[in-house]
Structures are given as C-alpha cells and as structure tokens.
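Engineer: Spelled out from the first residue to the last, the chains are:
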Amino acid sequence: MDQIQPMNIIVCIKQVPDAKDVRLDPKTNTMAREGVESIMNPFDRHALEEGVRLKELYGGTVTALSMGPPQAEAVLRDAVSCGADEAVLVSDRAFAGADTWATTYTLAKAIQVNGPFDLIICGKQAIDGDTAQVGPGLGKRLDIPYVSYIRKITGFADGVLAMHRLMDDGYDEVEMPLPGLITVVKEINEPRIPSLKGKMKAKKLSIKTLSAEDIGADPASIGLPGSTTQVVKVFAPEFKGERAMLEGSVEEQVEQLLNKIEPYL
Amino acid sequence: MLRIDKEACIGCGVCEEVCTFGAIAVVDGVAEVNEQCTLCGSCVDSCEADALSIETAAKSVQADLHRWSGIMVYAEYRHGRVAPVSFELLGIGRKLADQQKVPLSAVLLGFGMGDAAAELVSYGADTVFQVDDPALEHFTDEIYGNILEDIIQEQKPEVVLAGATAIGRSFIPLVATALATGLTADCTRLEIRAEDGVLLQTRPAFGGNIMATIECSATRPQMATVRPRVMKAAAPDQARKGEIINYRPAAERLQSRVRVLGSVLEEQDQVNITEGDIIVAGGRGLDNEKGFGLIKELAASLDGAVGASRAAVDSAWIAYPHQVGQTGKTVNPKLYIACGISGAIQHVVGMQSSETIVAINKDPNAPIFDVATYGIVGDLFEVVPKLTERIRERKGQ
Numbered sequence: 001m002d003q004i005q006p007m008n009i010i011v012c013i014k015q016v017p018d019a020k021d022v023r024l025d026p027k028t029n030t031m032a033r034e035g036v037e038s039i040m041n042p043f044d045r046h047a048l049e050e051g052v053r054l055k056e057l058y059g060g061t062v063t064a065l066s067m068g069p070p071q072a073e074a075v076l077r078d079a080v081s082c083g084a085d086e087a088v089l090v091s092d093r094a095f096a097g098a099d100t101w102a103t104t105y106t107l108a109k110a111i112q113v114n115g116p117f118d119l120i121i122c123g124k125q126a127i128d129g130d131t132a133q134v135g136p137g138l139g140k141r142l143d144i145p146y147v148s149y150i151r152k153i154t155g156f157a158d159g160v161l162a163m164h165r166l167m168d169d170g171y172d173e174v175e176m177p178l179p180g181l182i183t184v185v186k187e188i189n190e191p192r193i194p195s196l197k198g199k200m201k202a203k204k205l206s207i208k209t210l211s212a213e214d215i216g217a218d219p220a221s222i223g224l225p226g227s228t229t230q231v232v233k234v235f236a237p238e239f240k241g242e243r244a245m246l247e248g249s250v251e252e253q254v255e256q257l258l259n260k261i262e263p264y265l
Numbered sequence: 001m002l003r004i005d006k007e008a009c010i011g012c013g014v015c016e017e018v019c020t021f022g023a024i025a026v027v028d029g030v031a032e033v034n035e036q037c038t039l040c041g042s043c044v045d046s047c048e049a050d051a052l053s054i055e056t057a058a059k060s061v062q063a064d065l066h067r068w069s070g071i072m073v074y075a076e077y078r079h080g081r082v083a084p085v086s087f088e089l090l091g092i093g094r095k096l097a098d099q100q101k102v103p104l105s106a107v108l109l110g111f112g113m114g115d116a117a118a119e120l121v122s123y124g125a126d127t128v129f130q131v132d133d134p135a136l137e138h139f140t141d142e143i144y145g146n147i148l149e150d151i152i153q154e155q156k157p158e159v160v161l162a163g164a165t166a167i168g169r170s171f172i173p174l175v176a177t178a179l180a181t182g183l184t185a186d187c188t189r190l191e192i193r194a195e196d197g198v199l200l201q202t203r204p205a206f207g208g209n210i211m212a213t214i215e216c217s218a219t220r221p222q223m224a225t226v227r228p229r230v231m232k233a234a235a236p237d238q239a240r241k242g243e244i245i246n247y248r249p250a251a252e253r254l255q256s257r258v259r260v261l262g263s264v265l266e267e268q269d270q271v272n273i274t275e276g277d278i279i280v281a282g283g284r285g286l287d288n289e290k291g292f293g294l295i296k297e298l299a300a301s302l303d304g305a306v307g308a309s310r311a312a313v314d315s316a317w318i319a320y321p322h323q324v325g326q327t328g329k330t331v332n333p334k335l336y337i338a339c340g341i342s343g344a345i346q347h348v349v350g351m352q353s354s355e356t357i358v359a360i361n362k363d364p365n366a367p368i369f370d371v372a373t374y375g376i377v378g379d380l381f382e383v384v385p386k387l388t389e390r391i392r393e394r395k396g397q
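Order-wise, the sequence lines are chains A and U.
Sequential numbering from 1 applies to the first sequence in this note's numbering.
Sequential numbering from 1 applies to the second sequence in this note's numbering.
Only chain A is shown next, with the shape it has when bound in the complex:
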C-alpha cells in the first residue's frame, strides 16, 4: 500500500527585471531601466505553485530560497503569500557578478546549511539570463538525480516521483527517486494568486538571511572571482534589413513585390 510521505520542498526563486521592458540604448550601450519592474521570475512562480500543491497533497513544508540583493526579500514575501511556509535569502555583496557556475555553488552550500530536503523545484530558466543552467548544475553539485522541463507530476509513491518530461518532439515518462531536483515548464500548472491569509503571514514572517560566511563559502568560488565565464561585451541587437519600401497603389506594390520574390515562386 502506498504510504503518504510528507515532502520537504525547496523552491528556488530569482528576482528578475521584467525582461520585456529591458532595452539597451544603442548609442550609450546602457540599459534603459526607467520603469523596469523587479518581479518574481515567471517560471519560478510555476515551481512554487507545484511545490505548494505537492505539500497540500502529501504534507510537508515549502521553503522559498533566493540568492540576491537584500531587495530580493520582496519576491520571498510574495512566495510566502502564495503558500510557501519559510523563506531564506542568501545574500552577500561577495556574491555579485556570479555566473551560473558560481551561483550553483552558492545555492548548493546554502541548501546544505539549511537542512534536509526531499525535493528541489526550479523554474526551467530565468527570463533575464535565459540560460536554464542553474537547475541541472545544482542537481550535479548536490549529487542528486534531476529531471528538466517537467510538465506534469503523475504520481508519488514509495519515495519515487513519476512525471512527464517535455522533449522537442513530445514527452518522456520518467521516474525519479527522492531526494531529487526538477525544473518545471509553464504548462505544469496555473499559479494561484496570493491569499489574504498568505499576505498576512508574509508581512509578519522574518526571513532567514544567510551570508557567504554563514554558508561556509570559499571566497574563490563565489561571485565574480568564482565565475568561469565573463561577459566581455553587451550590445543592442543589430538588424541588417535593406528596408526597400515598395511604393504606389496596392496593385503597384503587389506587382513590384511579385517581381522581387519571383525566384522563390
């Protein structure tokens, strides 16, 4: 008979600028940040929702964990208002400039310090970097099994999670023993909006903050010094359209276009 096993779940959450509003001024090469809001990474919202649903089904706890500047507290409170029980902010000036390699090191250290867990859930990627590398890298760092791009959890029994993993041509049916890590895609669920009770709780909750020292991080492995990749240039995308505008009446425009695209007909 299946045993109900409570699950201790960690959901990794990143605070990101709302990417659709971010522009680079091609002249000054700086980011126009006017009016760009900081939000919870949308994929992480689905990760959180899945964690909360699993907790509701099987019991246990959901801890929202974020690495970021002190302001990232806002997304953790947001997470608590949507059902997370605890929140941990991993924050230190020394973490600045971290690439995915230094980020997974830092998150792994923080998770080990935080205590035992059964499942880690991440969004498939963050909308600022779009790398999708932190979930898998974190799985490897912690030496636990992981599966990316989960779009459905179909069952949980005897410590094994059954899931559908999205592929380019369909999906795979997979089973993973816990402890383990998954990254989720948007199709997995419809995130709830914060409840009043959740909001009250979020307001009062004291957020546990962990510094580089608290997690016992090696200074050479975190932030910019700990990063294996460096951004050497940032620029606005360039377009090389010839922009030949076809003028005249509709008939004339269509005739000109027909002649231009003749080779493809």
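Derived from the structure by calculation, the hints contain no laboratory data.
As the structure is a computational prediction, the values presented were derived from the model and not from experiment.
Any given hint could be a false lead.
Below, in silico cross-link-like pairs of lysine to aspartate or glutamate (EDC-like), each with a Cα-Cα straight-line distance of 20 Å or less [stated by the list, open to error]: (1) A/Lys233 with U/Glu215; (2) U/Lys329 with A/Asp169; (3) A/Lys208 with U/Glu215; (4) U/Lys6 with U/Glu55; (5) A/Lys152 with U/Asp370; (6) U/Lys386 with A/Glu251; (7) A/Lys260 with U/Glu393; (8) U/Lys395 with A/Glu251; (9) U/Lys362 with A/Glu247; (10) U/Lys329 with A/Asp168; (11) A/Lys186 with U/Asp314; (12) U/Lys329 with U/Asp277; (13) U/Lys334 with A/Glu262; (14) U/Lys329 with A/Asp128; (15) A/Lys260 with U/Asp277; (16) A/Lys260 with U/Asp370; (17) U/Lys329 with A/Glu187; (18) U/Lys334 with A/Glu242; (19) A/Lys197 with A/Asp85.
On the provided structure of chain A, position chain U as indicated by the hints.
Structural biologist: Then chain U, alone, in the frame of chain A:
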C-alpha cells in the same frame, strides 16, 4: 568588490549615468556603490578620473590550459535519426577547427544507430566517438553526462559544442559542472579570437533585447550550447574520410537514478515550420481568427508554412507550434513574409536570419521594417488577398 578611490573621485556623476543597475550614486560629491552592483565594469571603463576599480583575487588559471586542443561536437540522436542541429554544429565546428588547425570530433550516443556515425563524417567530422548501447536507448542526464564527461577528460578538446535543445540544455550543464568549466547557453554566434584561442560566445539575453558576448578564459574546455537553425550545415560529402571509434564506457557509468519508462511522440500540428523554404506569418494586425485566414491562404498559394507572432498565438488564432520568436521557434527560411507583425524583438530574434524578409504593415514606423528586405506600408486586408490572387495567377493555379 567595486573599489572607489574617494580622493580621485571628482563627483562628476558619469558612473551613475552608465550604471545599468542603479548601483552607484554620487552622494556629497563622491560616488557610492550599493548592493545592486553586479561588478559588470561599465563604470570602471567610464571613469575619467580612474577612481573606480574592481578588486579581484588573481584568477587561478587552469594549469594545463595549453594541452586542450581540438573542437568537439555532441551529435544528438533520437528516435532513429541524427538531430539536424548536429549537422549545423559540425558546420560551425569545421570552421573553428580549420581556423585553429585542429581536428573536429563528434560524440554520438544512442542505441541501434546504424550508420549515423558515417553521416557525421560526411558533414565534416574527422573522428566520431560512438557508444551504441541499450542503456542509451532513452535519454537520461546522468548516463549521457557521464559518458560525455569521460570522453572529454580523455580527449581534452579546447571547445565543446552541443545543440540548445531539450536534451542539450538539460545535460550539458551537468557535464560543465563535473568538469568545473564555463558553459554559455543558447549561443547564436561563435568566433575564436586568433591571438589567444579564446572562444567568443555571443547570445541573446533579456528575451532577446540584449546581446552579450561571453568568454571562458581560465578553464577548459570552453563549452557552449548553440541555438538550432542559426548555424549553417555544410553540404554532406560522402567521399569524406573519417575515423569511427567505438568507445567503451565503464559499467558503473551506465547507471542512472532516473528511469525513463517510455517516450510519447506528439503529432506536430501540420508541417514543422522550421523545415520549410517559405513561411507566411501573421500577427496582431489580422484583428481576428478570420483575418488570420488570409495568412493561411497566402501560405497555401506559396506552398509555404504558416507562422505567427506571440500575439496571434495568445489570441488563440493559431496553435503554439506555429509561434516564431524567443519563446517559440527559430526559423530561417528562404522567404519570410510578416503580415501585421509589429516586429517586437522577441519575434525578430526568431526570424531575422531568413534570406529574404518581406514586411507588410499599416504602421510605417513598425520596427519590423528594420529587418525587412522589402516593405509595404498598407492595409493588409487589401494587400494580402491581392498578393494571393496574383501568385495563384502566376502559378496558373
């Protein structure tokens, strides 16, 4: 940490202006930095008083850097065929290998793969390391990752490339983590800097609004996943000679904690839009589902596929498999006709490498015209049906 020399600072405020993160501000005539700083270095370059610097412990460079040589490509194989991105990787890989005067190898993992390895040779591989084993019938991050890690450790290539697919983007981070080296995701341009052999990896970020060039200078291999349909495959040459090596992984490396029970193939909605020569795409300007019908008719007259902007898909005028752009598919047909698509960057990044781009839009200032080869400012509901009619006439349909 960002160091500010308070003596040297003249309080001019240039750093405050160039900082993209709002991390620096001039307070009482001296620059101050806050927690938002990501150490990007923009302010350091901008400071005319040389008051800013980034303190870094001297980076330890991997001791045997110079011993890593050669370009290696992970060739994805699934359900009886080599994924097309593998040939594209061999195309760019060949160029990089020729420039560096080093060999190009491919790693091919799967089960019952027939002569797929020979196909990789015909597309440019000098050597193929192949593992054809029942344990590789289904993709698992652990087994695929273990084997690729072991082959890389043995062969020591300077560069490793893989497709930015649902498979590549999942297990390549495991390999890079195991090898303690850098990995850049979803690259759209790759070059090797001649002076020092460093791979310059360019990729879009922030949903395509920003391009970033990234390097991994202190560790090897330099690893990148590459977006499908961006690089060009070479024409296959059956006469090309190459070596095919059957690599034998250790038994314990063929163990996975994750178990795959089976694969379910989902029927692609009509044609796969990434494989056609002509795409006609529609956006918000079509107003409604009926309007979108004009796009389908034009596409049919051209024997082309139907594409769509995110706005059209979100409005449910057409299904998601037709979506072109950052969150949809990347396409590069010979002819791309964008109708009623404003040209938001998220769309443009998915189609800008098309050979010829035609834009039809009523707004002369729509950014789509910036990527267009030919542009028509006009009413879609007049232009598109007229164009369809004239194409049919010309083709004698």
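Engineer: If you test the structure against every hint from before, which numbers come out violated?
Structural biologist: Result: hints 3 and 5 break, sorted rising.
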